[in-house]
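Given these sequences and hints, build the entire structure.
Line order of the protein sequences matches chains L and X. Under the numbering used here, the letters of the first sequence match residues 1 to 255, in that order. Under the numbering used here, the letters of the second sequence match residues 256 to 500, in that order.
Hints in this document: simulated from the structure, not taken from any laboratory. Careful, some of the hints might be misleading.
Computed cross-link-like contacts, DMTMM-like style, restricted to lysine to aspartate or glutamate with a CA-CA straight-line distance of at most 25 angstroms [said to hold, decoys possible]:
1) X:K274 to L:D67
2) L:K227 to L:E241
3) L:K171 to L:E137
4) X:K278 to L:D116
5) X:K288 to L:E96
6) X:K278 to L:E241
7) X:K278 to L:D75
8) L:K45 to L:D91
9) L:K157 to L:E241
10) X:K275 to L:D67
11) L:K157 to X:D373
12) X:K278 to L:E96
13) X:K274 to L:D75
14) X:K278 to L:E219
15) L:K157 to L:D119
16) X:K275 to L:E206
17) L:K157 to L:E206
18) L:K185 to L:D119
19) L:K244 to L:D119
20) L:K212 to L:E241
21) L:K133 to X:E292
22) X:K278 to L:E113
Facing chain L, according to a computed beta carbon distance under 10 angstroms, are these residues of chain X, among others [what the hints assert, rightly or not]:
23) K275
24) K278
25) I286
26) L287
27) Q336
28) S361
29) T365
30) E370
31) I372
32) A374
33) E376
34) V377
35) V380
36) L498
A short list of chain L residues far from chain X (calculated; beta carbon distances all over 10 angstroms) [as the list claims (entries may be wrong)]:
37) E26
38) L70
39) M80
40) L89
Every residue gets a Cβ at the ideal spot worked out from N, C-alpha and C, and that includes glycine.
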Amino acid sequence: MIEVDNIHKSFGDTTVLKGITTVFDEGKTNLIIGQSGSGKTVLLKCMLGLFEPEEGSICYSGNRYADLSLDERRDLRQEMGMVFQGSALFDSMTVEGNVMFPLEMFTKQSKAEMQDRVDFVLERVNLVDAHNKYPSEISGGMQKRVAIARAIVMNPKYLFCDEPNSGLDPKTAILIDNLIQEITKEFNITTVVNTHDMNSVMEIGEKIIFLKNGIKEWEGTNKEIFKTDNEAVTNFVYSSELFKKVRQMYIEERN
Amino acid sequence: MNYLADIGRYFIMIGEVFKKPTKWRIMRSLILKEIDELIFNSLGIIIFISFFIGGVVTIQTALNLTNPLIPKSLIGFATRQSVILEFAPTFTSIIMVGKVGSYITSSIGTMRVTEQIDALEVMGVNSLNYLVFPKIIAMFMYPFAVAIAMYMGVLGGWVAAVFGNFAPSGDFVQGLQQEFIPFHVTYAFIKTLVFAFIIATIPSFHGYFMRGGALEVGKASTTSFVWTSVVIIVLNYVLTQLLLG
Chain L
1 MIEVDNIHKS
11 FGDTTVLKGI
21 TTVFDEGKTN
31 LIIGQSGSGK
41 TVLLKCMLGL
51 FEPEEGSICY
61 SGNRYADLSL
71 DERRDLRQEM
81 GMVFQGSALF
91 DSMTVEGNVM
101 FPLEMFTKQS
111 KAEMQDRVDF
121 VLERVNLVDA
131 HNKYPSEISG
141 GMQKRVAIAR
151 AIVMNPKYLF
161 CDEPNSGLDP
171 KTAILIDNLI
181 QEITKEFNIT
191 TVVNTHDMNS
201 VMEIGEKIIF
211 LKNGIKEWEG
221 TNKEIFKTDN
231 EAVTNFVYSS
241 ELFKKVRQMY
251 IEERN
Chain X
256 MNYLADIGRY
266 FIMIGEVFKK
276 PTKWRIMRSL
286 ILKEIDELIF
296 NSLGIIIFIS
306 FFIGGVVTIQ
316 TALNLTNPLI
326 PKSLIGFATR
336 QSVILEFAPT
346 FTSIIMVGKV
356 GSYITSSIGT
366 MRVTEQIDAL
376 EVMGVNSLNY
386 LVFPKIIAMF
396 MYPFAVAIAM
406 YMGVLGGWVA
416 AVFGNFAPSG
426 DFVQGLQQEF
436 IPFHVTYAFI
446 KTLVFAFIIA
456 TIPSFHGYFM
466 RGGALEVGKA
476 STTSFVWTSV
486 VIIVLNYVLT
496 QLLLG
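So, in structure tokens, the structure goes:
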């Protein structure tokens, strides 16, 4: 569980986060949604410790991040997995090298044990024939799957995904969404996904927080988002004709 | 004020480089990779440039010694002194700033732009130790490259003197051995070690703390070349004053 309490973050004169308070539940796919520039990525990077908030606190299973020493922070980070928007794979390493990297860095496993674990996670993300390929030799969807494999190879307690579907075709995007949700359940991870993909919201949003101009405007589930009367949320979620129709059908069905 | 802040940030970075070391098994392979990339891959250009610089120094010295009373051995002497004291350590270092420094800035800068450094940090890796420390250690091999540069510079001078008919081989070699002060070689290697540290760290600083995209990676490489060269030139003066003055 991750508890975020009254987080403020500014860059120069621009205040990006204005007092965000929420809880991300264990074993659930938690979504942060909002328009571009609403502060989603900054909130995610604050949770990862890449940005230091000016005010407020973030607690991981009860441990306040700001109170941890530098070494304790690095130890905590070994319990985190992150899927970056651009995958952030090490381009000088093969797919196998990328996935094996955290194991080589932080475990005392033998080469055979590491190889078994890498084979397992690559199979888990449906990548069995790409071990020796370099990131530049595989598609965007495959790169995302490698990034997920690298993020879960150490059995993390917390998984963060920054727009995991960006730049992917709808079918691959759904595959990635399902994969994230399955992994969350399978390994009981606290997963936080930053997205503005409405399919993700409807499919995997067990808990959703909606940010607008650095403020938490709404919080709920993918079931509740259909019912909400919050104007900012409905304007954002139902901005496309397709979703307007889906909502209309839902309301008619309910009546 | 920005310059002062950058200097402060540079020294904080140096401190971070030596904290929380990466596993030795991984670090060893990184160091060997960097020795190959930074030193062995630079030997070709170092040998080429040193040979011709040595030749040019010899020709220019010979052309300026027109008085028949001045012995021809002075050409060898002047070549040796110029090459060992200045051309091999300093000139080669400026060339290395262009070749190795740009590579360091652009490779680390690209990792910054593509969030690979963030990925290292999120995993709990001390990214500065992982990226910069192997480069510093690899650059400790740089004095060997400079020793080769000294040898090639003198060889270039001998070839130019003998085959250009500026001095007979015997006179040139006699000049090379004349009034040799071993401390001059020590001085050259002390300078080289200091320059090696500068070449590894200043370009790393510019790459690591860069912001922006692909265009900024190029700008960071240029800025890093300018600042690394400036620091080398200033330190060259300071070290010469301290060690030989």
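Q.
Hint compliance check: list the failing hint numbers for this structure, sorted ascending.
A. Hints 6, 9, 14, 16, 19, 25, 26, 27, 28, 36, 38, 39, 40 not satisfied by this model.
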